[in-house]
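Colleague: Protein chains in written order, with our numbering: chain A, 1 to 347; chain B, 1 to 347.
Hint data in this document are derived by calculation from the structure and do not stem from the laboratory.
Keep in mind that this is a model prediction, so the values were computed, not measured.
Note that CB positions come from ideal geometry on N, CA and C, so glycine has one too.
Heads up, a few of these hints could be off.
[Claimed, not checked] Derived list of chain B stretches under chain A, where covered just means 3 residues or more per stretch with a C-beta under 8 Å from a C-beta of chain A:
| hint | stretch |
| --- | --- |
| 1 | 89-95 |
| 2 | 103-114 |
| 3 | 165-172 |
| 4 | 236-250 |
| 5 | 291-297 |
Number of protein chains: 2
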Amino acid sequence: MKKYPKNDLLIRAAKREPIERTPIWLMRQAGRYMPEYRELRQKAGNFKNFYKDPHLAVQATLLPYHLLGVDALIIFSDILTPLESIGMEFDFKEGEGPVFQNPIKDEKDIHNLKQFDTKDISYVGEIIKQTGKSIDYELPVIGFCGAPFTLAAYMIEGRTSRDFKKTKKFMYQNPTAFKNLLDKLSDMLIEYLNFQIDSGADAVQIFDSWAGYLTPDDYREFALAPIKKIITSIKRNYQPIIHFTKGVAGFFDEMITSGADVYSVDWMIDLKKVKQKLNTKASAQGNLDPIVLYASKETIKKEALKILQKWGKETGHIFNLGHGLMPDMSVENVKFLVDVVKQESIR
Amino acid sequence: MKKYPKNDLLIRAAKREPIERTPIWLMRQAGRYMPEYRELRQKAGNFKNFYKDPHLAVQATLLPYHLLGVDALIIFSDILTPLESIGMEFDFKEGEGPVFQNPIKDEKDIHNLKQFDTKDISYVGEIIKQTGKSIDYELPVIGFCGAPFTLAAYMIEGRTSRDFKKTKKFMYQNPTAFKNLLDKLSDMLIEYLNFQIDSGADAVQIFDSWAGYLTPDDYREFALAPIKKIITSIKRNYQPIIHFTKGVAGFFDEMITSGADVYSVDWMIDLKKVKQKLNTKASAQGNLDPIVLYASKETIKKEALKILQKWGKETGHIFNLGHGLMPDMSVENVKFLVDVVKQESIR
C-alpha cells in the first residue's frame, strides 16, 4: 500500500488531523506566468503535444516545486484530456481555448460516444508516477478531472462560453438525454480517477468550473448528483477528494453534501461562513482572489493574513486561490504569497 | 403631489401591500430582440443619438407596453449616461460595448472630474415625463442608474471586463482614492435619482452589475456603503427603490441592509431562501434565468411556475429575470412568459 508523501500537510489538513502550519498550493501553479513554462510549451510545439508528453509535462508539474516551494504538485494536464478517448475531437486555439470539431447536438451523438479506455490516457498515469519519483515522494501529487456538468458544457458548447446557452437549452429541452450524457461522463470519470489513484495520485480534485451558472435546483439535479456518484465509487486508501465549484455561494449548502473531504471555494464567499457551515465535518480550500496578486506585496500580505485569520489556527484549511493564476502575473509576487502563508500560519 | 399610476401592482408589491396578481417587467425589455427597436436604433444612427433623443427613446420605452403587456416601463437609457456630465467621454462600439477615451488612472484624474449638472442629462427627464404622459400614467415608469462600484469599474477599466483587474488593483493599492471616487459618484447619483423622481419616475432601480466579483468584505466596504448613502439621501414620496446586484449569493445577507424596498436577484440564489431572509421586511424581484427563454414554451411555463411557487401567494414579489434579455431572443417567447405570469399568479 502506498504511503503518505513526506510532506503530508495537505493530506492531514484534508483529514482534519493536526498540522504545524497551513499547507499551500495554487490552482494553475504550473502555468504561462512562468518563463520556464513558456520555454517547455515552445519545445512541445502546441498545447496538446505538451500535456501528452510525459517528459515535458513532468518538468512543468515540477516547476512550482523548484520555484515556489508549494506543499503539493498538481499534475500538468487538462480537464478535457479523457474526452478524446470517448471520441470527442478538439484543438486548442491560441487565445481562444479549446474548440471541438463536432460538439454534441442530440441524443444520437451521446449514444455514439465511444467506451472510455484508460490506455488512451496512459500518459497521465506516467506523469503522476514520474512526478512522485522525481521528488522522491516528498510532496503529494494531485490528480484531477473536470466535473460531469462542466465537461458536458464543453462538449455541447464546443468551446468556452459566457452564458452556456446551448448547454442549458439542451438540459431544459431534453433532461433525460442530458442526464444520460452526465451518466456516461460519470462512469468515465470514476475509471479515470481510479486510474490516477492507482498510478500514485495522493489526492484528486474535481473541477466544476461552470456549475456556478445554474439555479440551485438545477445544480442539485445536474451538477451535484453525478459528483456524488463519482465520489461514492472511487476506490482509495488515504487519498482525499477535493471538490471545487466556481460561483458556488448560492448553493454551498448543497455542495457540501457531495461527500468530498475538501471543498474548494472562490473568493465570493466568506471563509468564516464556510467554516461554520462545514462544522468540522470536512475541510476547505481557498480562497484568495487571484487579482490580489497584481497588487503590491504589502496588499498581498494583508489579504493573505485576512484569510488565515478567518479560518484561525484549527486544522482543516488548505490555502489556495479562488481560481487559477493568470498568464500576466509576476512569479515574484506568487512566490511571495507562498512564503507569507508558510511563515504566518505556523501554529 | 404625484399620484400612483393606474396599474400600481409594482408599487404595491414593492411596499408589501395586497396584490391581485404578481407584477412583471423584464430587464432590457426594450431591446435589440425586438425588430421595432432595431428600426428605431437605425433611425438614430448610433446608440448615443438613440438614448439622447427623447422622441426615439420614448418610442423604445413604450415598445414593451404595446408588444408585451408588462406592468412597468423602464426608461430606455444607459447607466453611463450621467458620466458625460462629469467629463468622462466614451463611445459605444459595435459588438464591444462602451469604450472610454481616457479611463481613470490615478488620484489626479479623480480630482479633475467635473461637477455633475442635471442640465447635461435633461433628456432623461424628458423621456420620463413623456413616457408617463404617452400612456396617460397607466403604468409605473422606472428610472435607473448604475451603482457607484459598477460605474467606477467602467471608468477605471475603460470598457467591460471579465476580471476587473484594473479596478481591483486600484481599489487594493489606493483604497482612499477609490473611496473618494465612489463618494463623488454617490453624490452625482443622489442628484441624478432625485432629478428622475422629480421628473416623474414612479420607482428607481440601482444596477450593481459588477459588485458580484468582490469578496464579501470588499462588497461591504466598496459597493454597499455608497449605495446605503444614496438610498438614505433620496427624496421621495411613494417611489420604491429597487436594488439589483448580479452574483450576490455570497453576500445577500449584507445586501439586504442597504435600505432598498426591493432586492432584485439573479437565478443563482433560491427565491425561497431570499424570502426567508427578507422575512417580510422588504420585497424581492426576479429571478428567472434568461436562458430559459431560448427553450420551448412548455419549459418556459414550467420554470416560471417554479418561481411563482417558491414565493407563494403572499405579496412582495415582482417577477423579472435574473439578468437582461438578449438580442437573439424570440419576442413570441418573451410575450408568452409575460402572459403566463399574469395568468398563473392571480390570487
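Colleague: Now tell me, hint by hint, if it's right for this structure.
Modeller: How the hints compare with the structure:
no.: 1; hint: 89-95; result: violated (count 0)
no.: 2; hint: 103-114; result: violated (count 0)
no.: 3; hint: 165-172; result: holds (count 4)
no.: 4; hint: 236-250; result: holds (count 3)
no.: 5; hint: 291-297; result: holds (count 5)
Checked against the numbered hints given earlier, this structure breaks hints 1 and 2; the rest are met.
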